[in-house]
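Colleague: Sequence:
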Amino acid sequence: MNHSGNTRRDFIRLVAAGGGVVYLSGLPGHALAAAGKAAAYDDFHFVQLSDTHWGYSGPANPDAANTLRKAVAAVNALAEPPDFIVFTGDLTHTTDDPAERRRRLAGFRDIAAGLKVKTVRFLAGEHDAALDAGAAYKEFFGDTFYAFDHKGVHFIAIDNVSDPGGSIGQEQLAWLQQDLSRQARDARIVVLTHRPLFDLAPKWDWATRDGAKAIELLMPYTNVVVFYGHIHQENHHMTGHIAHHSAKSLIFALPAPGSQDKRTPLDWDPAAPGKGLGFREVEAEARPVAYAIQEFSAQGA
1 MNHSGNTRRD
11 FIRLVAAGGG
21 VVYLSGLPGH
31 ALAAAGKAAA
41 YDDFHFVQLS
51 DTHWGYSGPA
61 NPDAANTLRK
71 AVAAVNALAE
81 PPDFIVFTGD
91 LTHTTDDPAE
101 RRRRLAGFRD
111 IAAGLKVKTV
121 RFLAGEHDAA
131 LDAGAAYKEF
141 FGDTFYAFDH
151 KGVHFIAIDN
161 VSDPGGSIGQ
171 EQLAWLQQDL
181 SRQARDARIV
191 VLTHRPLFDL
201 APKWDWATRD
211 GAKAIELLMP
221 YTNVVVFYGH
231 IHQENHHMTG
241 HIAHHSAKSL
251 IFALPAPGSQ
261 DKRTPLDWDP
271 AAPGKGLGFR
281 EVEAEARPVA
291 YAIQEFSAQG
301 A
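Sequential numbering from 1 applies to the sequence shown in UniProt numbering.
Simulated from the structure, these hints should not be mistaken for lab results. Nothing here was measured: the structure is a model prediction, and the numbers come from that model. Hints may contain errors.
[As the list claims (entries may be wrong)] Below are the DSBU-like pairs computed for lysine-lysine, each with C-alpha atoms no more than 35 Å apart in a straight line:
id, residue 1, residue 2
1, K70, K138
2, K262, K213
3, K151, K213
4, K213, K203
[Stated by the list, open to error] For each label pair, taking beta carbons as the anchor points, the in silico distance ranges come out as:
id, residue 1, residue 2, range
5, A271, H150, 39 to 47 Å
6, Q260, A79, 20 to 28 Å
7, R287, K262, 41 to 49 Å
8, E100, A184, 29 to 37 Å
Heads up, the beta-carbon is just placed ideally off N, CA and C, and yes, glycines get one too.
Hey, can you work out the whole structure from these sequences and the hints?
Modeller: See the structure below:
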């Protein structure tokens with residue numbers, strides 16, 4: 001990818017002014033806005049990838065054995081490397097065989113190791129963790145929920161998949177409450193999770209049973225944004241002042257929430273094999289507090 005001599009900062013400003021695929025999630029007091037307003041200079045940027053489903057085989061993606069590798073190559077080709085990369089769940093495709101689950105997790109890990117960025121963080125999806133409460137996932141990637149700080153932003157990774165019922169659970173909610181208690185009310189907080197915390201489409205399992213409790217804990221904090229996966233498409237939603245942004249998948253696209261009876265994958269288009277698939281860069285901007293999102297196809301175009 002080449003920005004024709006512009007810096008990453010210039011490119012984001014150019015796209016924001018010119019109407020490209022950038023969303024500005026401004027906090028506090030700024031609703032989700034489509035591109036059209038000039039963005040402030042960024043502090044740092046990270047890349048979000050999601051729903052790679054390594055091990056999937058089927059008509060929804062005949063190129064499944066190559067899609068993840070292509071995405072790794074596309075991220076490595078970015079004009080400026082991100083500060084870090086995060087995968088927001090469903091690293092692998094579900095299997096009832098514990099040995100096969102571990103083979104898939106190892107295969108995913110080995111491909112992701114090709115990313116030319118020092119720090120790569122992972123979250124589990126229900127395909128990785130629901131059948132064994134995250135046991136195999138933890139062997140390869142460690143804790144299923146955790147927090148870290150980066151350049152003035154507090155990141156919180158929430159596990160809403162290890163419970164097969166799709167709950168966070170009281171123990172983790174207590175941990176979340178304790179973690180938040182150490183943050184100022186105007187702290188910059190980014191939540192990373194797999195399922196949506198709000199009820200997007202409960203009949204499709206696009207919800208978290210006790211997600212409202214997590215949102216209630218987050219609501220007193222004025223600078224909160226949530227990035228998640230699971231639904232294999234972009235979706236932008238507000239709960240009060242908290243913006244929620246879902247990411248595209250790297251394996252197959254799914255229909256719009258509730259648009260049909262079942263959430264069957266969208267048909268593969270051989271004329272456009274990357275259609276509906278992709279990853280994103282997120283610019284974390286300090287003043288005003290905002291997050292500029294730029295979407296890329298799985299091939300990086």
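Colleague: For a quick check of understanding: which of the numbered hints are violated here, in increasing order?
Modeller: 6, 8
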